[in-house]
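Visitor: Below, each chain spelled out in residue letters.
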Amino acid sequence: GNSVTQMEGPVTLSEEAFLTINCTYTATGYPSLFWYVQYPGEGLQLLLKATKADDKGSNKGFEATYRKETTSFHLEKGSVQVSDSAVYFCAPSLGNTPLVFGKGTRLSVIA
Amino acid sequence: DAGVTQSPTHLIKTRGQQVTLRCSPISGHKSVSWYQQVLGQGPQFIFQYYEKEERGRGNFPDRFSARQFPNYSSELNVNALLLGDSALYLCASSGGTGVISGANVLTFGAGSRLTVL
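Going down the list, the protein sequences come from chains A and B. For what it's worth, my numbering labels the leading residue of the first sequence as 1, then goes sequentially. For what it's worth, my numbering labels the leading residue of the second sequence as 1001, then goes sequentially.
Calculated directly from the structure, the hints in this document are not laboratory data. Among the hints, erroneous ones may be present.
[Stated by the list, open to error] With a straight-line cut-off of 30 Å between C-alpha atoms, the simulated BS3-like cross-links for lysine-lysine are: (1) B:K1030 / B:K1052; (2) A:K52 / B:K1030; (3) A:K103 / A:K68; (4) A:K103 / B:K1030; (5) B:K1030 / A:K60; (6) A:K60 / A:K103; (7) B:K1013 / A:K52; (8) A:K56 / A:K68; (9) A:K103 / A:K56; (10) A:K52 / A:K68; (11) B:K1052 / B:K1013.
Make a model of the complete structure from these sequences and hints.
Guide: Structure, rendered in structure tokens:
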């Protein structure tokens, strides 16, 4: 089945710093890959997705590229803001299986 | 348009009791999924329903059950509560065709936080 390993948090960055949150997955096929974000007190929201190899998902300045050769989907942002403080979840989904979420990486951005 | 709504937002129960959590999907969405999120962990899949039928079940005991109504709203029931059932229970809806598919984007509600004492 699918599994996912995310970078351990928490991650604390200063405003305008560069962000990378690593995510690697295990799957028997070619899953669709998602990043979800959970802001304090809220449910999860889709941040971005990629459905095939070499696709790049992007949203709100965040990007992640589907790397089949390294089974990775690392999340990046060039310049983080305080409002990006949240928990980020990587999630692969293969065919007719439900999403499998990573443990989440908490990001705190300080002004 | 209203998003996915869940009720209650918070509740406290004691061990052995039963709880019912409710979810209303986005208008037009026929598929509802339930996830359990223990503090500090990612959400774990419990159930998916489509057109009132169970389409998927995660690795949870039979104490957990769910159903979906003709208006596509859903209830999650947990019997004989244990301390370990304390968690945020998330409901998500999607506009898919009922097949659990990686292409289906889930829209989550804010969750029901259950505390078992």
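Visitor: Flag every earlier hint the structure violates by its number, smallest first.
Guide: 7
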